[in-house]
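Visitor: Use these hints to put chains H and A onto chain Y, whose structure you have.
Residue numbers (my numbering), protein chains in the order written: chain Y, 1 to 294; chain H, 1 to 375; chain A, 1 to 298.
Simulated from the structure, these hints should not be mistaken for lab results.
Predicted, not measured: the structure shown is a model, and the values here were computed from it.
Careful, some of the hints might be misleading.
What the hints assert, rightly or not - For lysine to any residue, the following SDA-like pairs were computed, each having C-alpha atoms within a straight-line distance of at most 25 angstroms: (1) K209/H x Y222/H; (2) K3/Y x R200/A; (3) K178/H x T199/H; (4) K153/H x G195/A; (5) K101/H x V5/Y; (6) K15/H x S8/Y; (7) K211/A x P19/Y; (8) K3/Y x M105/A; (9) K153/H x E71/H; (10) K251/A x A242/Y; (11) K101/H x S8/Y; (12) K211/A x M181/A; (13) K167/H x A119/H.
As the list claims (entries may be wrong) - Quick list of simulated restraints, FRET-style, between CB atoms: (14) Q336/H x D194/Y: 53 to 59 angstroms; (15) G21/H x R4/Y: 21 to 27 angstroms; (16) D194/Y x G39/H: 36 to 42 angstroms.
To be verified - Covered by chain A, per the in silico footprint, the following chain Y stretches (three or more residues, Cβ under 8 angstroms): (17) 14-24; (18) 93-104; (19) 114-120; (20) 134-143; (21) 167-176; (22) 231-241; (23) 268-279.
Idealized CB from N, CA, C, for every residue including glycine.
Listed below, chain by chain, are the residues.
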Amino acid sequence: MEKRVTFSNTWLAAALILPQMLLVFVFFYWPTGEALYWAFTLERPFGGGNEWVGLYNFEGVFGDPKYWSSVRVSMIFAIAATVLSLVIAVLMALFVDRRLPGHQVYKFTFFLPYALAAPAVGLAFRFIFSPDAGFVSAINQFFPGLWNPALDGFDALLLIILAQAWSLVGYNFIFFLAALQSIPRTMSEAGAMDGAGVMRRMWDLQLPLITPTLFFLIVINITDSFVNSFGIVDITTGGGPARATDLMVYKIYTDGFQGKDYSLAAAQSIVLMVLIVALTFIQFRFIERRVHYT
Amino acid sequence: MAEITLRNVRKSYAKTEVVHGVDLDVAAGEFIVILGPSGCGKSTLLRMVAGLESITEGEIELGGKVVNQLEPRERGCAMVFQNYALYPHMTVGQNIGYSLKIAGVPRAKRDERVGKVAASLGLEDFLDRRPAQLSGGQRQRVAMGRAMIREPKVFLYDEPLSNLDAKLRVAMRIEIRKLHQRLGTTTLFVTHDQVEAMTLADRIVVMNKGVVEQVGSPSEIYRRPETTYVANFIGSPGLNLIAATADPDKGKVTLPDGQQLSYDTKRWPDVGYGPVTAGFRAEAVRLAPGGITGSFEFAEELGSGKLMHCNFSGHTLIAHAFGDRSFQQGEAVSFQIDPSAVHLFDAETGRRLAEADGSAMAPAPRKAIAETLPV
Amino acid sequence: MIERTPVLDFITQTILVLSLVALLMPLWVVFVAASHDYQTVNQVPMPLWPGSHLFENLSAAWAAGNFDRVMLNSVIVAVGVTAGKICIAALSAFSIVYFSYRLRMLLFWLIFITLMLPLEVRIVPTYAVAANALGPFEAILNAIGISIRLPEWNLLNSYSGLILPLVATATGTFLYRQFFMTIPDELAEAAKMDGSGPLRFFFEVLLPLSKTNMAALATIMFVWSWNQYLWPLLIVTDHANYATATMQLQKVVPGPLFGAPPIWNTAMAANLIVLTPPVLVTILLQRWFVRGLISTDK
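Here chain Y stands alone, though its shape is the one from the complex (with noise of 0.2 angstroms):
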C-alpha cells in the first residue's frame, strides 16, 4: 500500500523521522546487539574488556537442566494459559454476540481484568489462593494440605495460570466480538434459510469465519505469557517452590540482576528473542495466509 501522492521534501522527512530512529537505535537495536556480543563473550575477570568464548555461555544455558526446566514451564504456563484463556473467551463473545437483552454489559466490562497491572492481578490471586487466608484454602479446612501453593510446586503453578488467563480473557474476548462483528448479519441469516440452527451458525460458519484472529491472538497470547508473567511471578511466587514456577523471563531476571551474570542472561535473552520472533515470523507467513478468506 502506498500514497499516490507523496511530498518530496526529503530533509524534512528525515527530521520528521529522526526521533524515533534515534530512540529506537539507542533502546533497541543498540542492546540488542549488545546481547548479541555478550552471549558470544565473557568479560575478563581482571578487567580489560570481553573475550570471545563462541557458543560457550549457550552450551552454559543449554547444558543446565534448571535452564530445560524453566523452558518446560514455560510452555506449560503459555499453552495452559493460552488455551484457558481463549477457550472462555470464544465462548463468551459467541454468546455476547447473540445480541440478547443486556449483551452491552458484558461488552463494557469483560475487558476490565486487561486495565490491572500484572502484580496487582498477581497480588489478588496470592490472597484468593493463598493457603491460610482468602477463598480456597477453605478446602482445607476438608482435606488438610490439599491445597498450598507455597509448598506444592504444581498448585503454585497453577495459581499463575489462572492469574495469567484472567488477565487474558477480556483483551481476547474484544478481540473475538470485534471479529464476529464484523460478519455480515447476512451471513448468519443466510444460514438460517439453509436449516441451520443458533449453535450449529456457531461452529460452521462463525468459527471458521474468525481464525485469522483466533491464530493473531495464540500469537499475543503466547507472547504476553513470556512477558507479562514477570509481574506475577514475581508478586505470586518468586519462582517457587524449587523453581516450579521460573519462567525464562523471571530466570533471566534472577541470572542477570541478582546473580550479576550477564553474559548468561544475555545468551537467555537471545534465546527468547528468537523464540519470539520465530513464532511472530510464523503467524506472519504461513497461518494469516492459510487462513484468509476475502
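Guide: Then chains H and A, alone, in the frame of chain Y:
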C-alpha cells in the same frame, strides 16, 4: 493563443506506459471533455496537468509557459475531485476559504470572497456546517466553490458527477455548464459517461488504452467517428459494426452471409476490393422490406421506441424502431439503410477510410469558442 | 436474533452472568479485603461483603507505600510516555506514509520490527544502555575513527530513564500509519491544489482528523505505562524519590508465598490504590480504550 498545450505527453509507472504520447491544444475559454472507459489514462492525464502526477515525457504548457516542474499551487489550476475531497473537520466556509488562508489573505477579505462564492452556488445558509451534514449535491457545490474561489486560469474536473444519483447528475451537469458560460474559464473535464461528454463539451477527447482516438465536437464524434472504437463507444447503442467485403464497382459491401449493403461511392471514392468493416447507426435503420434480412431476437423497450436486436447469421445488429408492431422471436426482419448512412473502416487498423473532400458529413466550420462566450 | 430459542437463550444468559461474576470476582475480593480489619480478613473463608475499615486501611497503605510520592511519579511517567509516544509516533508515521524517499520502507521495517520484542525480553542489554545512553554514539564515533569522549548520561534513577525506553517502541507509529493509509489520497491532493505544504497539511488537516486515534492511543498508552513493573524495578534504586506505584506492591507483601503471612487488609488496600487509576481510565474512556487495543495490535 492556446491556454493549455500538451505535447507528446507520456506517463509510465515503473516500466508500464499508461499514457502513450498525447498532443492537445485547448483554446482559452474552451470546455474540453476527456472521455474514455476506466483505466484508459484519462484521469492520469488530468492529474498531470494539475501537477499531482509527474510527467514522464513530453511537455505541458499552461498560458504559454511550460509547467512540468511547477508545484500544483504554482500552476493556477483548480480541481474538483470525484469524491469531492472536502476537509471533513472544516466547515463549508473554511473548506472554500482554505486556499485563501494559505495564501495569507486577511480574514475580512477572505470572508467576503467566501460569501460571494457561496452565494453564487446557493450555499449561503450552509457556511457553518460540516461536510458530513450536507447532501451529495451540496458537497459537490462546496467542492466547486473551493475551486472557484481561487479564480483559476483552468478548471479541472475529475469525474465530479459520478457519485451523484441520476437526477442530481443531470441538474449538476446543467449547473456546471451555466457556470462555464458565466465565468468562461478554460475547463478540462474527465468522465466515462458519454451523455455528460456530449452535453457539456465544446470538444471531446476520446481516449482508449492511453491513446487519443479522436478529438472533435460532440456532433463530429457522433456523426463521423474516426475509429471503430469511437464508433462503438459513442451513441447508445454504439454503431453497428460488421465485417464485410467491399466491391467498389457496384458500390456495395457484402456481409458474411452474402447479403449486400450499398454505400455512398461519391463519399468513399478510393475504397479498394477486399475486407472492410461496415457500420451504421441503429437510428439510421428503417424497418421495411427489401433490405438486408435477419431474424428477430428480442427488443429493449425505451418508451419512445424500441431497440430491436436481430441476428444476421451470428452477428447481432440493432435497429431503433418506432411504432407498435411487435415481433415473435425468430421472425424475419428486414433492415433498410440509406447508403449515405453507411460508415466504412479499415478492417485491420479500425481507422475510418479516406473520404472525398467536402463530403456531406464534414463538420461545419466552428466559430472560435472564445468569441461566443461572455468573458 | 433470527429465531426464537428460549432454552438456549436461558443457557446463554446464565453462562454470561456466571462468567461476569467470575471475571469481576477478584476485583471484588480486593475491594472487600481492603475494607476489613486484620482478624476478619484472615478468616477462612473470608466474608463476601465489605466491612467498615476501608478508609483506615487505605490511609495505612498510603503511608506505608509512600504513595504521596510514588503516585506523582507514576503520573509523571504515564503522562510522559503517553505524550512522547503521541508526538513522536505521529511525526514518524507522517514521514513514512506521506513522503517518498529511498530509505522509507527500510525505516518502516526497522521501526516495525520493534513491535515483536517487548522491553521485558531484552531487559538486560537495555538496562546496560540506560546506564550510559550516549554510549552507543560514542562507540560508533570511535569506531569510525573519531576519538571523542561524550559526557556520560546515566538514566538510572531519573524520569528520562523511566520514560524514554518505554517510548521507543512502534505501537504508536503503527497505529498512525494504519490510520493515515485510510485517509483518501484526494484529501492530500486537494490540500496540494489549495497551496498547502507538507507541514501545513500535517497540522491543519492530518492532525485534526487523527483526534479520535490520538485519544485511543493516549488511553492505551497511559494504562500500559502505568502498569509497567519490571523496567521501573530495574532502573530505580533510589526508591524514596523515583519509585512508581506498581513497584510498591512488592513492598507491601513480604517476599514470595513462603515466609511471614502478609497483612492482607493493608496489602489489598495498596493494591486497590494501584489498580484504581488504570481501571478508572478504562471505564471512563472505554470507547477509546477498546478502539486503541484493536487498532494497535492488528
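Visitor: Decide, hint by hint, whether the structure agrees.
Guide: Now the hints, each set against the structure:
Annotation: proposed proximity of K209/H to Y222/H holds, straight-line Cα distance about 20 angstroms (limit 25 angstroms). A C-alpha spacing of about 18 angstroms is found between K3/Y and R200/A, which places the hinted pair at or below 25 angstroms, so the restraint holds. Between the alpha carbons of K178/H and T199/H the distance comes to roughly 12 angstroms, so the proposed pair stays at or under 25 angstroms and holds. Restraint check for K153/H and G195/A: the C-alpha separation of about 15 angstroms stays at or below 25 angstroms, so the hint holds.
As the CA atoms of K101/H and V5/Y are separated by approximately 22 angstroms, the hinted pair is consistent with the 25 angstroms bound. In summary, the hint linking K15/H to S8/Y is supported, as the alpha carbons are separated by about 21 angstroms, within the 25 angstroms threshold. Distance restraint check for K211/A and P19/Y: the Cα-Cα separation of roughly 22 angstroms lies within the 25 angstroms cut-off, and the hinted pair is therefore satisfied. The straight-line distance between the Cα atoms of K3/Y and M105/A is roughly 13 angstroms, inside the 25 angstroms bound, and the hint therefore holds.
Taking the CA atoms of K153/H and E71/H, the gap is about 15 angstroms. The hint holds against a cut of 25 angstroms. About 23 angstroms separates the Cα atoms of K251/A and A242/Y, which keeps this hinted pair within 25 angstroms; it holds. Distance hint between K101/H and S8/Y is fulfilled; the C-alpha atoms sit about 23 angstroms from each other, no more than 25 angstroms. With a C-alpha separation of about 15 angstroms, the suggested pair K211/A and M181/A falls inside the 25 angstroms cut-off, and the hint holds.
For the suggested pair K167/H and A119/H, the alpha carbons sit about 23 angstroms apart, so the restraint of at most 25 angstroms is met. Distance hint check for Q336/H and D194/Y: the Cβ-Cβ separation is about 56 angstroms, which falls inside the suggested range of 53 to 59 angstroms. The hinted range of 21 to 27 angstroms is satisfied by G21/H and R4/Y, whose Cβ atoms lie roughly 22 angstroms apart. A beta carbon spacing of about 38 angstroms between D194/Y and G39/H agrees with the range 36 to 42 angstroms that was offered as a hint.
Evaluation of the coverage hint for the stretch 14-24 of chain Y: fulfilled, as 8 residues show C-beta separations to chain A shorter than 8 angstroms, against a requirement of three. Counting residues of the stretch 93-104 of chain Y whose beta carbon lies closer than 8 angstroms to any beta carbon of chain A gives 7, which meets the minimum of three for the stated coverage. Using a Cβ-Cβ cut-off of 8 angstroms, 7 residues of the stretch 114-120 of chain Y lie near chain A, which meets the minimum of three, so the contact claim holds. Given as covered by chain A, the stretch 134-143 of chain Y passes the check, having 6 residues with a CB less than 8 angstroms from a CB of that chain where 3 are the minimum.
With 5 residues having a beta carbon nearer than 8 angstroms to a beta carbon of chain A, the stretch 167-176 of chain Y meets the requirement of three or more and the stated coverage holds. Counting residues of the stretch 231-241 of chain Y whose CB lies closer than 8 angstroms to any CB of chain A gives 9, which reaches the minimum of 3, so the coverage claim holds. Counting residues of the stretch 268-279 of chain Y whose C-beta lies closer than 8 angstroms to any C-beta of chain A gives 5; at least three are required, and the coverage claim holds.
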